[in-house]
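J.: Below, each chain spelled out in residue letters.
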Amino acid sequence: MGTFRLHVNGQVKEVNADPGTPLLWVLREDLKMTGTKYGCGISACGACTVHVAGIATRSCVVPVSLVGDRPVVTIEGIGNDPVGRAVQETWISEDVVQCGYCQSGQIMSAVALLKSRPKPTDANIEESMGGNICRCGTYVRIRKAIQAAAQRLS
Amino acid sequence: MRSHNTRNRWFSIILALSAWPILVSRAAEPGPDTAPTRDAGLAAWQQVYSVLTHPRCINCHTATNYPQQGDDRHRHTFNVTRGPGGKGVPGLNCATCHQGANADSAGVPGAYNWHLAPLSMKWQDVKDKILSSAQVCQSITDRSKNDNLDGTGILRHHKQEPLVLWAFDPGRRRDGTARSLPPLTHDQFVAATETWVEAGMPCPQNP
Numbered sequence: 000m001g002t003f004r005l006h007v008n009g010q011v012k013e014v015n016a017d018p019g020t021p022l023l024w025v026l027r028e029d030l031k032m033t034g035t036k037y038g039c040g041i042s043a044c045g046a047c048t049v050h051v052a053g054i055a056t057r058s059c060v061v062p063v064s065l066v067g068d069r070p071v072v073t074i075e076g077i078g079n080d081p082v083g084r085a086v087q088e089t090w091i092s093e094d095v096v097q098c099g100y101c102q103s104g105q106i107m108s109a110v111a112l113l114k115s116r117p118k119p120t121d122a123n124i125e126e127s128m129g130g131n132i133c134r135c136g137t138y139v140r141i142r143k144a145i146q147a148a149a150q151r152l153s
Numbered sequence: 000m001r002s003h004n005t006r007n008r009w010f011s012i013i014l015a016l017s018a019w020p021i022l023v024s025r026a027a028e029p030g031p032d033t034a035p036t037r038d039a040g041l042a043a044w045q046q047v048y049s050v051l052t053h054p055r056c057i058n059c060h061t062a063t064n065y066p067q068q069g070d071d072r073h074r075h076t077f078n079v080t081r082g083p084g085g086k087g088v089p090g091l092n093c094a095t096c097h098q099g100a101n102a103d104s105a106g107v108p109g110a111y112n113w114h115l116a117p118l119s120m121k122w123q124d125v126k127d128k129i130l131s132s133a134q135v136c137q138s139i140t141d142r143s144k145n146d147n148l149d150g151t152g153i154l155r156h157h158k159q160e161p162l163v164l165w166a167f168d169p170g171r172r173r174d175g176t177a178r179s180l181p182p183l184t185h186d187q188f189v190a191a192t193e194t195w196v197e198a199g200m201p202c203p204q205n206p
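Sequence lines, in order, name chains A and B. With numbering that gives the first Met the number 0, the residue at position 17 of the first sequence is 16, and numbering never jumps. With numbering that gives the first Met the number 0, the residue at position 34 of the second sequence is 33, and numbering never jumps.
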């Protein structure tokens with residue numbers, strides 16, 4: 000066990016955990032931030048996506064000991080960011096969600112995309128969102144919502 | 000006295016001439032302080048090439064817009080693409096999954112600064128066919144393609160680059176089995192590179 004000081008959504012959080020514990024489980028079990036979802040546990044579905052130092056990151060494969068001082072942003076904090084807020088709003092206006100389980104991960108990847116590419120093409124969206132799986136098949140609405148957010152932010 | 004000196008001079012000349020063939024033949028052999036021969040360098044290069052074209056290395060030295068995975072070198076899943084800097088695209092960077100160390104519990108490999116090699120360092124063609132030993136050798140020794148590395152730089156790259164080191168400690172697959180290793184150990188790989196560099200980095204002639 001070790002003590003780790005994490006910077007999560009702008010706040011310092013101290014946790015005691017085994018160094019190999021995935022960041023996902025620290026967020027969900029220790030910090031009780033359950034917006035980030037467990038899907039596959041092997042970085043294959045994208046449901047657990049958070050931002051680590053601004054990079055969309057699968058929290059299920061990041062040992063807590065490797066996070067260090069890098070800031071972590073989760074679905075609970077992304078609404079404080081203008082791009083994150085716009086994406087959340089268009090997610091609602093475009094009625095993207097069906098069951099919703101994968102959507103926090105989808106939103107985190109979409110925000111990472113729009114922060115780097117404010118006007119993405121459909122091809123850009125497909126490349127950037129390819130690692131986020133939606134079993135309900137909401138991909139068409141996801142793409143529409145990302146384009147709507149881009150338009151709202153321009 | 001004079002005749003004694005003359006005799007000594009002739010004796011020295013004869014001794015030197017008799018030793019000449021020995022000196023010539025010694026110069027052609029690699030000694031502890033001489034560079035390896037071209038043949039030794041070419042043999043060492045083949046050893047280096049056997050590592051460079053192993054899946055642990057060549058999967059990220061593609062000629063395409065995507066990396067490969069596995070010993071069968073299939074296209075990386077999730078529509079992963081190269082991106083402008085060889086580190087994926089926003090939202091799906093290499094670092095989205097590949098962290099600073101192997102995540103054996105999930106089977107996701109990792110090492111510092113995970114990324115694709117530049118297209119100038121492709122070791123396969125666009126149909127994923129591995130380039131010949133001569134072609135790879137010509138690329139890796141071309142300073143306009145290899146990030147301006149000379150022999151010392153290439154040797155340092157093989158000794159120290161974290162992604163090269165990863166290839167010899169590639170962790171476990173999702174099913175818990177160990178990933179296959181290149182045909183040489185890292186020490187053998189470095190030694191072969193060293194011999195090849197010391198021999199003047201010779202390349203095979205045939206394409």
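None of these hints come from the bench; they were simulated from the model. Computed from a predicted structure; not experimentally measured. C-beta: ideal position from N, C-alpha, C; glycine also. Treat the hints loosely; a few may be bogus.
Covered by chain A, per the in silico footprint, the following chain B stretches (three or more residues, Cβ under 8 Å) [unchecked claim]:
(1) 43-55
(2) 140-147
The calculated lysine-lysine pairs, modelled on DSSO-like cross-linking and capped at a C-alpha distance of 27 Å, are [what the hints assert, rightly or not]:
(3) Lys158/B to Lys86/B
(4) Lys158/B to Lys126/B
(5) Lys86/B to Lys118/A
(6) Lys86/B to Lys128/B
(7) Lys86/B to Lys114/A
(8) Lys143/A to Lys118/A
J.: Three or more residues of the region 140-147 of chain B near chain A by CB distance under 8 Å?
T.: Our answer is that it is violated, as 0 residues pass the Cβ test (under 8 Å) against chain A, missing three.
J.: Within the assertion that chain A covers the region 43-55 of chain B, do at least three residues meet a Cβ-to-Cβ distance smaller than 8 Å?
T.: As far as the region 43-55 of chain B goes, the hint is violated, because 0 residues have Cβ atoms under 8 Å from chain A.
J.: Taking only the CA atoms, is the gap from Lys143/A to Lys118/A under or equal to 27 Å?
T.: Cα-Cα ~13 Å, so holds.
J.: Assess, step by step, whether the Cα of Lys86/B is no farther than 27 Å from the Cα of Lys128/B, and give holds or violated.
T.: holds (23 Å)
J.: Mind checking the alpha carbons of Lys158/B and Lys126/B for me, to see if they're no more than 27 Å apart?
T.: Judged against 27 Å, a Cα distance of about 30 Å means the pair is violated.
J.: Keeping to a limit of 27 Å between CA atoms, is the pair of Lys86/B and Lys118/A held or broken?
T.: Given pair Lys86/B, Lys118/A holds - Cα atoms ~20 Å apart, limit 27 Å.
J.: Is the straight-line distance between the alpha-carbon of Lys86/B and that of Lys114/A 27 Å or less?
T.: holds (16 Å)
J.: Would you mind confirming whether the straight-line C-alpha gap from Lys158/B to Lys86/B stays at or under 27 Å?
T.: holds (22 Å)
Hint check: violations occur at hints 1, 2 and 4; the rest are consistent with the structure.
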